[in-house]
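Asks: So the sequence lines, in the order shown, correspond to chains R and X.
Take 1 as the starting number for the first sequence in my numbering and just add one per residue.
Take 1 as the starting number for the second sequence in my numbering and just add one per residue.
Quick caveat, the hints were computed from the structure, so don't treat them as lab data.
There's no promise every hint is true.
[What the hints assert, rightly or not] In the EDC-like style, the derived pairs of lysine to aspartate or glutamate whose C-alpha atoms are separated by at most 16 Å in a straight line are:
#1 X:K3 <-> X:E26
#2 R:K9 <-> X:E44
#3 X:K70 <-> X:D22
#4 X:K70 <-> X:E56
#5 X:K3 <-> R:E59
#6 X:K70 <-> X:E59
Every value quoted in this text rests on a predicted model; they were computed, and no experiment measured them.
Here's the letter readout for the chains.
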Amino acid sequence: NAGVTQTPKFQVLKTGQSMTLQCAQDMNHEYMSWYRQDPGMGLRLIHYSVGAGITDQGEVPNGYNVSRSTTEDFPLRLLSAAPSQTSVYFCASSYRGQRQETQYFGPGTRLLVL
Amino acid sequence: AQKVTQAQTEISVVEKEDVTLDCVYETRDTTYYLFWYKQPPSGELVFLIRRNSFDEQNEISGRYSWNFQKSTSSFNFTITASQVVDSAVYFCALKDTGRRALTFGSGTRLQVQP
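Could you put together the complete structure from these sequences and hints?
Replies: Structure below.
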């Protein structure tokens with residue numbers, strides 16, 4: 001299994017540009033989520049999904065959109081990038097059921113917005 | 001509301017020293033899960049351990065051990081005979097049954113000097 005994969009690893013955007021961060025997992029996990037990591041603040045939840053076709057907002061959803069058309073993929077879209085969105089983005093996935101509480105993370109995408 | 005506090009921002013030790021990373025949590029739930037993740041300089045998040053609130057047994061895995069005490073709401077992590085490869089940022093995280101996401105502490109940066 002490749003686990004949780006994310007692309008790209010690094011991206012530079014100009015203010016106002018849009019882009020999509022890709023996330024895929026091959027573990028048949030129902031639950032997927034996006035976090036952002038900022039210095040001194042740990043990780044904060046942006047959006048999450050409990051299954052294909054179902055998404056919901058986390059703590060810091062503004063400026064981001066998600067969709068979940070398949071179990072494997074959970075892309076994160078930045079609609080109009082702002083410097084405040086400069087961060088490291090992590091995708092995570094987990095099972096539902098007794099093992100649902102352990103989330104496994106992708107390698108991260110480092111985003112710089114100029 | 002959930003909260004995780006890692007009061008130690010940065011710790012520096014010399015190789016072979018023992019080191020304990022502190023984690024204090026707050027939750028109103030009686031059922032919850034606690035985690036430790038390691039983030040090495042390469043940036044990925046590596047799952048280390050999960051502990052359920054109803055299981056206060058301490059755990060040892062090689063040089064790693066975890067001390068869970070519900071009475072003090074603490075879940076501390078000890079590395080015995082530290083090695084340079086242990087240098088990383090360590091995150092403590094909490095998940096209760098009411099939330100889909102993990103609540104992370106701000107992390108403790110451990111530097112192990114040769």
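Asks: Taking the hints in turn, state whether each one holds.
Replies: Now the hints, each set against the structure:
Restraint check for K3 (chain X) and E26 (chain X): the C-alpha separation of about 5 Å stays at or below 16 Å, so the hint holds. The hinted pair formed by K9 (chain R) and E44 (chain X) meets the criterion: a straight-line CA distance of about 11 Å does not exceed 16 Å. Straight-line distance between C-alpha atoms of K70 (chain X) and D22 (chain X) comes to about 14 Å, which keeps the hinted pair within the 16 Å bound. A C-alpha spacing of about 7 Å is found between K70 (chain X) and E56 (chain X), which places the hinted pair at or below 16 Å, so the restraint holds.
For a cut-off of 16 Å, the pair hint linking K3 (chain X) to E59 (chain R) stands: about 13 Å separates their Cα positions. Note on K70 (chain X) and E59 (chain X): the hinted pairing holds, with a Cα-Cα distance of about 15 Å set against a maximum of 16 Å.
When each numbered hint is compared with the structure, no violation occurs for any of them.
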